[in-house]
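The residues making up each chain are set out below.
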Amino acid sequence: MSSVAISLLDLDSEEIKCFEAEDYQTRVAKWCAGCGDFGALNAVKRLLAKEQLQPEKMAFVSGIGCSSRFPHYVNAYGFHGIHGRALPIATGLKLARPELDVFVVMGDGDCTSIGAGHWIHATRYNADMTVLLLDNAIYGLTKNQTSPTTPQGYASNTSPRGSVLPALDPLQATLGISNASFVAQTADWVPVHLYATLQAAYEHPGFSFVRILQRCPKFTPDVFLDNVKNPDITELLIHENGVDVPSLEKLYKHRRVHDPKNIDDARALAQRTDMLRLGIFFRDDSLPVYEEVRAVPPVSAEEKIVRLNEEFDRYGV
Amino acid sequence: MASKETTITAVPEHTVEIITNSGEGAQKCAQIFGQTCAKMGNGVWTVEIIPAEIEPPHHTVTSTSGNIIRFGTDKVTNWGDRSKLAIAFNDQVLLSRHRLDSFADDCIILHESIWENHEDEAIRDGYAKAMKEMSSKNYRFIKVPIEEETLKVVDNAQHGKNMFALGLLTEIYQRDLSIIEKQIAYIFRTKSAKVTELNVELVKNGMAWARENLDFQFIIDSVPAEESRVVMNGNQACALGAIAAGMEICAMYPITPATSVSHELCDIIESYGGMVHQAEDEIAAAGVALGASYGGKVALTVTSGPGLALKTEFLALAIMVEIPLVVLDVQRGGPSTGLPTKVEQSDLLAALYGQPGDAPRVVIAPRTIEECFHSMITARRIAETFRCVVIILTDANLATGVQQFTRPDFDERWQGELIDASPVPEGLRPYDWDHDTGMSRRIIPGTPGGQHTVTGLAHDEESRVSYDPGSNERGQRMRSRKLAVFQSTLMPPPIYGDEEGDLLVVGWGSTQGAIEEAVDRARAEGRKVSSCQLTFLSPLEPGLKEIFSKFRKVMTVEINYSDNLGDPYITEETRRLGQLCWVLRAHTLVDLDCWTSVPGQPLRPNDIYNSIIENIENGSST
Numbered sequence: 000m001s002s003v004a005i006s007l008l009d010l011d012s013e014e015i016k017c018f019e020a021e022d023y024q025t026r027v028a029k030w031c032a033g034c035g036d037f038g039a040l041n042a043v044k045r046l047l048a049k050e051q052l053q054p055e056k057m058a059f060v061s062g063i064g065c066s067s068r069f070p071h072y073v074n075a076y077g078f079h080g081i082h083g084r085a086l087p088i089a090t091g092l093k094l095a096r097p098e099l100d101v102f103v104v105m106g107d108g109d110c111t112s113i114g115a116g117h118w119i120h121a122t123r124y125n126a127d128m129t130v131l132l133l134d135n136a137i138y139g140l141t142k143n144q145t146s147p148t149t150p151q152g153y154a155s156n157t158s159p160r161g162s163v164l165p166a167l168d169p170l171q172a173t174l175g176i177s178n179a180s181f182v183a184q185t186a187d188w189v190p191v192h193l194y195a196t197l198q199a200a201y202e203h204p205g206f207s208f209v210r211i212l213q214r215c216p217k218f219t220p221d222v223f224l225d226n227v228k229n230p231d232i233t234e235l236l237i238h239e240n241g242v243d244v245p246s247l248e249k250l251y252k253h254r255r256v257h258d259p260k261n262i263d264d265a266r267a268l269a270q271r272t273d274m275l276r277l278g279i280f281f282r283d284d285s286l287p288v289y290e291e292v293r294a295v296p297p298v299s300a301e302e303k304i305v306r307l308n309e310e311f312d313r314y315g316v
Numbered sequence: 000m001a002s003k004e005t006t007i008t009a010v011p012e013h014t015v016e017i018i019t020n021s022g023e024g025a026q027k028c029a030q031i032f033g034q035t036c037a038k039m040g041n042g043v044w045t046v047e048i049i050p051a052e053i054e055p056p057h058h059t060v061t062s063t064s065g066n067i068i069r070f071g072t073d074k075v076t077n078w079g080d081r082s083k084l085a086i087a088f089n090d091q092v093l094l095s096r097h098r099l100d101s102f103a104d105d106c107i108i109l110h111e112s113i114w115e116n117h118e119d120e121a122i123r124d125g126y127a128k129a130m131k132e133m134s135s136k137n138y139r140f141i142k143v144p145i146e147e148e149t150l151k152v153v154d155n156a157q158h159g160k161n162m163f164a165l166g167l168l169t170e171i172y173q174r175d176l177s178i179i180e181k182q183i184a185y186i187f188r189t190k191s192a193k194v195t196e197l198n199v200e201l202v203k204n205g206m207a208w209a210r211e212n213l214d215f216q217f218i219i220d221s222v223p224a225e226e227s228r229v230v231m232n233g234n235q236a237c238a239l240g241a242i243a244a245g246m247e248i249c250a251m252y253p254i255t256p257a258t259s260v261s262h263e264l265c266d267i268i269e270s271y272g273g274m275v276h277q278a279e280d281e282i283a284a285a286g287v288a289l290g291a292s293y294g295g296k297v298a299l300t301v302t303s304g305p306g307l308a309l310k311t312e313f314l315a316l317a318i319m320v321e322i323p324l325v326v327l328d329v330q331r332g333g334p335s336t337g338l339p340t341k342v343e344q345s346d347l348l349a350a351l352y353g354q355p356g357d358a359p360r361v362v363i364a365p366r367t368i369e370e371c372f373h374s375m376i377t378a379r380r381i382a383e384t385f386r387c388v389v390i391i392l393t394d395a396n397l398a399t400g401v402q403q404f405t406r407p408d409f410d411e412r413w414q415g416e417l418i419d420a421s422p423v424p425e426g427l428r429p430y431d432w433d434h435d436t437g438m439s440r441r442i443i444p445g446t447p448g449g450q451h452t453v454t455g456l457a458h459d460e461e462s463r464v465s466y467d468p469g470s471n472e473r474g475q476r477m478r479s480r481k482l483a484v485f486q487s488t489l490m491p492p493p494i495y496g497d498e499e500g501d502l503l504v505v506g507w508g509s510t511q512g513a514i515e516e517a518v519d520r521a522r523a524e525g526r527k528v529s530s531c532q533l534t535f536l537s538p539l540e541p542g543l544k545e546i547f548s549k550f551r552k553v554m555t556v557e558i559n560y561s562d563n564l565g566d567p568y569i570t571e572e573t574r575r576l577g578q579l580c581w582v583l584r585a586h587t588l589v590d591l592d593c594w595t596s597v598p599g600q601p602l603r604p605n606d607i608y609n610s611i612i613e614n615i616e617n618g619s620s621t
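Line order of the protein sequences matches chains A and B. Number 254 in numbering that gives the first Met the number 0 belongs to position 255 of the first sequence; there are no gaps in the numbering. Number 512 in numbering that gives the first Met the number 0 belongs to position 513 of the second sequence; there are no gaps in the numbering.
Any given hint could turn out to be false.
What the hints assert, rightly or not - Part of the chain A face toward chain B, derived, beta carbon under 8 Å:
no.	residue
1	Pro54
2	Phe78
3	Ile81
4	Ala89
5	Gly91
6	Leu94
7	Ala95
8	Leu99
9	His117
10	Ala154
11	Lys217
12	Val292
13	Arg293
14	Pro296
15	Phe311
As the list claims (entries may be wrong) - Listing some non-contacts, in silico: residues in chain B with all C-beta distances to chain A over 10 Å:
no.	residue
16	His117
17	Glu120
18	Ala184
19	Arg210
20	Phe535
To be clear, the hints were calculated from the coordinates, so they are not data collected in a lab. Note that this is a predicted model, so its numbers are computed, not measured. Here a beta-carbon is modelled for each residue, glycine too, at the ideal position from N, C-alpha and C.
My request is simple: use the sequences and hints to build the entire structure.
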């Protein structure tokens, strides 16, 4: 357990502890050098420090895969679950403990393949959680197998002559689910955008789905190389209710004002393949949040017994 | 029937069947009749006969829906042997029960009169053939104009014949009409008063018809109970038990025959501050329950065989991370989709060993409907105390069977204690296993200073992923140790009958009543037979080897599959055994035999009795 957290608990201390981003890291992450997961971890740490979140009042839930080691490196409660099934665990946790800040970290195989069923339904439940899809378009931990988001034609150990199917687009899929409330895309090579997107996702009340594009240095080192090298083939979606990072104005000449309230435009933009688009595609803060919809007033143990006795009268002989 | 003298026969018990097409309300009729018998002080056990389909084609041998009610002066612990009286709405559903050998040779059968001379030739033919097939027995057939009489009160006989039938039973068994009226009013409480009125009128018409036309009645005395009692089925008992145990989150996915537990919970749990989450699949239901438990609520997931199979990986995760979780498995016939609506003790081995690696968990099998209720409370307590998974195995027999039991005296402590969420002292680790017991403090999110990441990977006391041999061995040993510690709190199982003899019958779960009734019969003939019904299957109750050693032979009786010695290729070497039999042989090194059967219905005392006699007379000694 982190000594940082323990010092926090010094209740006699008058001093209010101020967390730095590094206070949220527990140990050195065991990802490969150049892994996109580092970018996501750094952005998250920055967000936690910005929000000054108490380490014990948040939980990071993950599945299985390289990116799912994420919770081990964050000074918070963590649940490193089973492959594809972070979302049900996170949903249960949120139902039991709505006051906790819940973050979910999944990889592309985790979320869009083995966990695809849960992804659809968790989106529809719209429990308030920040959901990170760390998408490097490949299975890394099991060593280079095609995932649903691997680009068509891209070679891997399971598709040595190139992936035969068109890649699944997680944005289009999520935007097609009833009650989806927040859908965004960002990339690890634009850290300020990544951070700003996570900030918006955290602030959104509901299921905030953020696809983070990143490379795997071992197996997909060049998957986004063109976009990394040439900002002119990327378009930023900007809006006062979306993400707008002024410092990116010079680098990215394609900037489109897109109101994230507009689901039709969001779907149309997600479908277009002319350019890569980063930003908030859709956001509706007014949609019902599952744990709020299901909330009922607590009942004391004594009161439960009174009601049980009434219930049993019905079965009385 | 001519105007007559009515013969009134006093009997200690009777078994009655109501047999209809699916959708004709047999369950409602039987439910009211069974509840009324219970409320009048009779011992009762009911069994549902349900097709897996909602409403299969009518008037066929596969459309049979019905209910068997065994009731008597004393306590009734099982569905007994063959039925003494049946009411059938058509010849085909009747024939289906005849083919299952469900009726006593002298069974009185009241059946619908319109089919014999029906305008449809196919129906007339079917009727004639059915009656011919059944003529091998000495049933007493009595034709009743059920539909005609029902139409005098309602326009659609489909929704009314069941109440007319209830009226026949009310008269034949001299049931208290005022209780029946109350039951009807309750069942139709959400409908208009007119609906209750019409239903009561139908019951009264049934009674009047029976009074005028039947020449017999049966009297079954009742002994007023000394203590306050309740009557319900096993699924209702489990649902109410979950609430009495303070469980506030139930995550489930629809599956027969478990779903009605969730129905019951859906109706009432919110007024106890809880909720039912209907998940997108069985796996997610386990995951949501686990997530809720991780958050500090002991959650419940409810399922049946195929669902248990799907939850396997999550159960292993719960065991690995030592998060308490209660799983209720209402067993049905397997493997695969199997027999969805019918009983089998199908999941013992899957519940015990369903995971790769060593995944120790507690498995409990309630024996009665009363135990269904209390096992939920026990399960929560064990799960929390030992940070473990507890699987409760009931079955379709307990799920839908209705029985009385002593009304529980609720205790606040059943609802569990608040989890210690005080700041974690420096140096306390997430798995600070006590060296002897493997037990450790459960630290839930929100606890200051307790941050750690639980993982399904092998881990050390700090919950850090660790692949070294020492950590893995230690983790496995500590998780296993908890079962041994729990076992040390259990008592040896009681023996029904003498503590030594020629044969000990060992059962588990719902078969207790039928086994003990069979043992009673054998003992009445001077046979040295006893029985022992296990509730704890993991860990097993202590002292079994010692108990078994006092008997010349030991045999399990189970509702699951085993090969028959003497069948082609089946030898002592190739024979595959009943599920408990395997477990007990491994556990005690005693050469147990087994008698098992998979008829898709509860075991009958008489069949168990025959197996006992056969085993004593023919079997080799243990």
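Hint check, A/Arg293 versus chain B [nearest Cβ-Cβ separation less than 8 Å]:
Holds, about 5 Å.
Beyond 10 Å from every Cβ of chain A: is that where the Cβ of B/Ala184 lies?
holds, 12 Å
Hint validation: A/Phe78 versus chain B, beta carbon distance must be below 8 Å. Holds or violated?
holds, 6 Å
Can we keep the A/Gly91 interface hint, with Cβ of chain B closer than 8 Å?
holds, 2 Å
With 8 Å as the cut and Cβ atoms as the points, is A/Val292 at the interface with chain B?
violated, 10 Å
Once the closest CB in chain A is found, is it more than 10 Å from B/Phe535?
Label holds. Min Cβ-Cβ 26 Å, cutoff 10 Å.
According to the definition I'm using, a residue is off the interface if its beta carbon is farther than 10 Å from all beta carbons of the partner; does B/Glu120 meet that for chain A?
holds, 49 Å
Is the shortest C-beta separation between A/Lys217 and chain B less than 8 Å?
At about 20 Å, which exceeds the 8 Å cut-off, the nearest Cβ of chain B leaves the hint on A/Lys217 violated.
Would the hint on A/His117 stand, with a C-beta cut-off of 8 Å toward chain B?
At 6 Å from the nearest chain B Cβ, A/His117 passes the 8 Å test, so the hint holds.
Is the hint on A/Phe311 kept, meaning its closest Cβ partner in chain B is under 8 Å away?
Holds, because the Cβ-Cβ distance from A/Phe311 to chain B comes to roughly 6 Å (cut-off 8 Å).
If you take the shortest Cβ to Cβ gap from A/Leu94 to chain B, is it below 8 Å?
holds, 6 Å
Taking the least C-beta to C-beta distance, is A/Ala154 closer than 8 Å to chain B?
violated, 30 Å
Hint compliance for this structure: hints 10, 11 and 12 are broken, all remaining hints hold.
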